[in-house]
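Trainee: Here is how the chains run, residue by residue.
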Amino acid sequence: MKITRRDALLTGSALALSAAAPFVLPRAAWAQGTPRRGGTVTAHMQGEQRILNPALRASTGVYVVGSKIMESLVDLDGKGDPLPVLATSWESSPDGKTITFKLREGVKWHDGKPFTAADVQYTAMEMWKKHLNYGTTLQLYLEAVDTPDPHTAVFRYSRPMPLDLLLRALADLGYVAPKHVYEGTNVLENPANTAPIGTGPFKFSRYERGQYIIAVRNDDYWRKGFPYLDQIVWRIIPDQAAAVAAIEAGEIHISPEGALPLADLDRLKKSSNFEVSSRGNEGNAVMNTIEFNFRRKELADRRVREAIIRAIDVPFFCENFLYGFAKPATGPIPSSSPSFYPKKTPPQYPFDPKKAEALLDEAGYSKGADGKRFSLRLLPAPWGEDITLWSTFMQQSLQQIGIAVEIVRYDAAGFLTNVYRDWNFDLATGWHQYRGDPAVSTTVWYRSGSPKGAPWTNQWGWQSEEVDKLIDAAAFEIDPVKRRQLYADWVERVNTEIPLWMAIERLLISVTSKKLQNHHNTPRWISSSWADLWLAT
Amino acid sequence: MGFLRRYLRNPGAAIGLVLLLLVLAMAGSADLLYPRDPLALAGRPLQWPFQNARFLLGTDASGRDIAAQIFHGARISLLIGFVATIVAIALGIIVGAVAGYYGGLIDDLLMRVTEAFQTVPSFLLLLVLVAVFGSSIVTVTLAIGIVSWPAPARLARAEFLTLRNREFVQACRTLGLRDSAIIFREILPNAMPPLIVYASVVMALAILLESALAFLNLSDPNVASWGNLIGHGRGVLRTQWYVSAIPGVAILLTVLAVSLVGQGLNDALNPRLKPR
Chain U
3 MKITRRDALL TGSALALSAA APFVLPRAAW AQGTPRRGGT VTAHMQGEQR
53 ILNPALRAST GVYVVGSKIM ESLVDLDGKG DPLPVLATSW ESSPDGKTIT
103 FKLREGVKWH DGKPFTAADV QYTAMEMWKK HLNYGTTLQL YLEAVDTPDP
153 HTAVFRYSRP MPLDLLLRAL ADLGYVAPKH VYEGTNVLEN PANTAPIGTG
203 PFKFSRYERG QYIIAVRNDD YWRKGFPYLD QIVWRIIPDQ AAAVAAIEAG
253 EIHISPEGAL PLADLDRLKK SSNFEVSSRG NEGNAVMNTI EFNFRRKELA
303 DRRVREAIIR AIDVPFFCEN FLYGFAKPAT GPIPSSSPSF YPKKTPPQYP
353 FDPKKAEALL DEAGYSKGAD GKRFSLRLLP APWGEDITLW STFMQQSLQQ
403 IGIAVEIVRY DAAGFLTNVY RDWNFDLATG WHQYRGDPAV STTVWYRSGS
453 PKGAPWTNQW GWQSEEVDKL IDAAAFEIDP VKRRQLYADW VERVNTEIPL
503 WMAIERLLIS VTSKKLQNHH NTPRWISSSW ADLWLAT
Chain Z
16 MGFLRRYLRN PGAAIGLVLL LLVLAMAGSA DLLYPRDPLA LAGRPLQWPF
66 QNARFLLGTD ASGRDIAAQI FHGARISLLI GFVATIVAIA LGIIVGAVAG
116 YYGGLIDDLL MRVTEAFQTV PSFLLLLVLV AVFGSSIVTV TLAIGIVSWP
166 APARLARAEF LTLRNREFVQ ACRTLGLRDS AIIFREILPN AMPPLIVYAS
216 VVMALAILLE SALAFLNLSD PNVASWGNLI GHGRGVLRTQ WYVSAIPGVA
266 ILLTVLAVSL VGQGLNDALN PRLKPR
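Going line by line, the protein sequences match chains U and Z. According to my numbering, the first sequence is numbered sequentially starting from 3. According to my numbering, the second sequence is numbered sequentially starting from 16.
These aren't lab readings, by the way, just hints derived from the structure by calculation. Quick caveat, the model's predicted, so the values are computed rather than measured. Here a beta-carbon is modelled for each residue, glycine too, at the ideal position from N, C-alpha and C. Hints may contain errors.
What the hints assert, rightly or not - Each pair of labels, with its calculated beta carbon distance range:
id : chain 1 : residue 1 : chain 2 : residue 2 : range
1  : U       : Tyr-143   : Z       : Leu-231   : 20 to 30 Å
2  : U       : Asp-83    : Z       : Leu-71    : 36 to 46 Å
3  : Z       : Arg-253   : U       : Asn-520   : 24 to 34 Å
4  : U       : Pro-116   : Z       : Val-135   : 52 to 62 Å
5  : U       : Gly-186   : Z       : Leu-157   : 48 to 58 Å
6  : Z       : Trp-63    : U       : Asn-520   : 19 to 29 Å
7  : U       : Tyr-214   : Z       : Ile-121   : 46 to 56 Å
8  : Z       : Leu-157   : U       : Lys-329   : 43 to 53 Å
9  : Z       : Val-135   : U       : Glu-50    : 38 to 48 Å
10 : U       : Glu-50    : Z       : Asp-194   : 49 to 59 Å
11 : U       : Ala-414   : Z       : Trp-63    : 43 to 53 Å
12 : U       : Glu-50    : Z       : Gln-133   : 26 to 36 Å
13 : Z       : Trp-63    : U       : Lys-329   : 19 to 29 Å
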């Protein structure tokens with residue numbers, strides 16, 4: 003089933019031997035061998051992007067392209083610890099309100115202007131704090147960025163900012179844009195958003211709508227001798243079956259976003275030409291949710307919510323429907339996040355339909371003459387085939403305990419409006435994307451006070467002062483050990499109250515041609531610079 | 016009796032009739048053969064046909080019995096076909112009859128409206144209607160009927176134009192019959208044969224339109240329709256092709272049956288083919 007390293011090497015050598023120069027190439031084909039320079043890597047993109055500037059839009063689809071062209075202050079290494087990129091060192095004042103970054107010297111923008119602290123100051127205040135999704139929450143208490151010299155940026159916060167949270171978050175939310183390009187313009191409408199100018203290893207070349215994006219080698223890159231590749235081409239193929247055909251024909255080398263059908267992933271896994279794995283996507287966990295609308299009196303009863311969770315056989319679903327590419331989640335923090343995953347397992351509600359029926363009876367919803375207790379409308383998000391399967395499975399499972407479920411489908415805009423703005427749902431299900439730190443991506447699903455209409459936030463009509471307090475305390479706690487404990491307490495609390503339920507966790511699955519070398523070697527590799535990626539012949 | 020003999024003279028029409036009766040029998044026996052909810056989880060997902068005696072046609076990606084969905088789906092497809100056809104033909108007759116009978120300004124006005132509908136591809140219009148009014152089985156069926164009326168309307172108008180000046184109509188006028196009586200009691204029965212033939216085309220199209228909607232995941236997911244099953248199998252097309260192929264064959268045969276029956280009716284109703 004799994005491809006061993008030996009198989010991989012044999013295939014690599016075989017490929018190399020079939021090429022023209024057998025006396026040099028066998029070495030190049032070894033993963034740890036001498037990297038080969040040159041070549042074009044073609045990557046699959048599922049959808050069009052309106053913006054390619056990751057300083058304005060935090061989304062995997064943007065990072066896949068933007069992170070090769072623009073760079074962040076820090077990246078994460080194989081263990082998930084911060085790694086210097088545009089920032090070379092950092093320190094926090096004892097009260098946690100001042101964080102100082104030393105910036106890399108001798109870095110140039112693609113248009114030749116030097117990179118300085120003024121760029122960091124501008125991006126932080128004008129983009130991260132004002133427009134970047136997740137960034138606006140993260141930088142809510144950022145007061146100012148001082149620039150005592152061109153290579154020092156001092157972030158001043160009005161409330162303590164945990165350094166480990168900031169660094170982990172900045173890997174995704176710390177991309178720096180050039181001040182001289184954006185200053186004095188409408189930031190959101192600036193042409194550089196679709197033709198980005200950065201400091202990264204590749205320079206933007208062209209974007210043909212609906213077809214491809216090309217970036218070429220930056221010869222002036224500050225990491226001398228990098229990148230290895232001459233060019234990266236992203237081909238936009240929305241149709242999943244066409245994308246699978248393209249990767250099998252060798253037209254594309256990598257499909258990074260987990261965008262291929264699970265059935266095909268299962269098939270490609272058995273081929274020796276590809277690596278099908280979640281390696282290098284540890285920083286991007288996806289969780290399938292069950293979202294409850296507390297305005298329905300039945301769902302406002304905790305026993306009913308527990309009964310719904312207990313009625314669904316999640317392990318069976320993961321094994322038979324998701325080809326084992328997923329596993330049951332234990333709470334809002336996925337197990338792929340070792341820094342925050344609680345050491346003590348929080349309350350769980352394993353599959354137990356008898357208990358579920360007893361809970362419903364106890365709550366006063368006994369079966370009517372037709373075997374039904376009550377009926378609910380379920381809105382599935384229209385992205386991801388797993389959501390379609392999961393919503394059908396929920397419908398089938400809840401039917402067994404006497405809850406009739408009507409599935410109501412909408413397109414993406416209709417789903418977001420009906421669930422998060424109009425609250426026109428009973429149950430909803432979609433994805434929660436975990437991004438390395440609960441404060442970045444997860445607590446907004448539970449914290450009260452989100453404006454009506456903000457997608458993927460607490461719009462359930464549920465509020466707990468205790469949970470709000472824990473979330474706030476953890477966000478401002480600068481001691482990492484205490485912070486971890488606060489999140490463990492928080493998970494314990496929300497797993498007890500069940501305002502919503504994260505049922506399944508899985509990592510994005512990338513399909514990568516074995517010709518690519520040095521890939522998926524950091525936890526957010528698909529969103530990294532690909533400077534050390536090379537292509538064996 | 017003569018009618019039936021004339022109908023059966025065409026072997027294609029006979030085959031069509033047998034197929035259609037078969038589909039009707041499937042729809043009728045669905046509750047007897049598969050009493051369980053066809054959308055309930057029945058077993059391990061994606062079992063191939065003929066491997067498990069419990070699931071003769073295998074299971075789909077959600078672990079539902081494909082055979083049960085085919086039998087129950089026959090009802091939905093026939094229901095959508097019949098109701099949508101009735102809606103389309105009824106609308107078409109009313110518009111076409113009024114336009115053809117009165118002529119003049121009313122005719123111009125109604126025909127421009129019909130042409131406006133005809134210039135928009137019917138499937139696009141259907142997508143818009145479903146996006147606006149939702150995708151329950153009732154709205155989908157009505158929407159299919161609404162996008163299918165222009166062609167029957169033009170057909171009805173053409174028939175009325177040729178019939179309105181015939182002697183029997185003039186006789187009715189001199190007898191002082193009301194317009195509505197002339198239209199519905201005198202002209203319409205004579206205009207019906209081509210409309211009945213055309214109804215079979217509309218019905219076949221209606222079944223196909225619903226399948227196309229379901230393929231795009233825009234039909235009602237709470238009923239077991241053949242189109243839904245095809246849409247459901249799209250994700251596993253490369254590996255478990257039978258999930259889409261089996262309902263595809265069912266749709267093909269039903270549409271073929273309806274078309275053949277329509278062809279047979281055309282021959283049987285055509286007075287020129289009547290033996291003297």
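Trainee: The structure should be examined with respect to each hint, and the outcome stated for every one.
Mentor: How the hints compare with the structure:
{"no.": "1", "hint": "U/Tyr-143 / Z/Leu-231: 20 to 30 Å", "result": "46 Å, violated"}
{"no.": "2", "hint": "U/Asp-83 / Z/Leu-71: 36 to 46 Å", "result": "57 Å, violated"}
{"no.": "3", "hint": "Z/Arg-253 / U/Asn-520: 24 to 34 Å", "result": "30 Å, holds"}
{"no.": "4", "hint": "U/Pro-116 / Z/Val-135: 52 to 62 Å", "result": "57 Å, holds"}
{"no.": "5", "hint": "U/Gly-186 / Z/Leu-157: 48 to 58 Å", "result": "55 Å, holds"}
{"no.": "6", "hint": "Z/Trp-63 / U/Asn-520: 19 to 29 Å", "result": "41 Å, violated"}
{"no.": "7", "hint": "U/Tyr-214 / Z/Ile-121: 46 to 56 Å", "result": "55 Å, holds"}
{"no.": "8", "hint": "Z/Leu-157 / U/Lys-329: 43 to 53 Å", "result": "44 Å, holds"}
{"no.": "9", "hint": "Z/Val-135 / U/Glu-50: 38 to 48 Å", "result": "26 Å, violated"}
{"no.": "10", "hint": "U/Glu-50 / Z/Asp-194: 49 to 59 Å", "result": "57 Å, holds"}
{"no.": "11", "hint": "U/Ala-414 / Z/Trp-63: 43 to 53 Å", "result": "34 Å, violated"}
{"no.": "12", "hint": "U/Glu-50 / Z/Gln-133: 26 to 36 Å", "result": "32 Å, holds"}
{"no.": "13", "hint": "Z/Trp-63 / U/Lys-329: 19 to 29 Å", "result": "27 Å, holds"}
Hint compliance for this structure: hints 1, 2, 6, 9, 11 are broken, all remaining hints hold.
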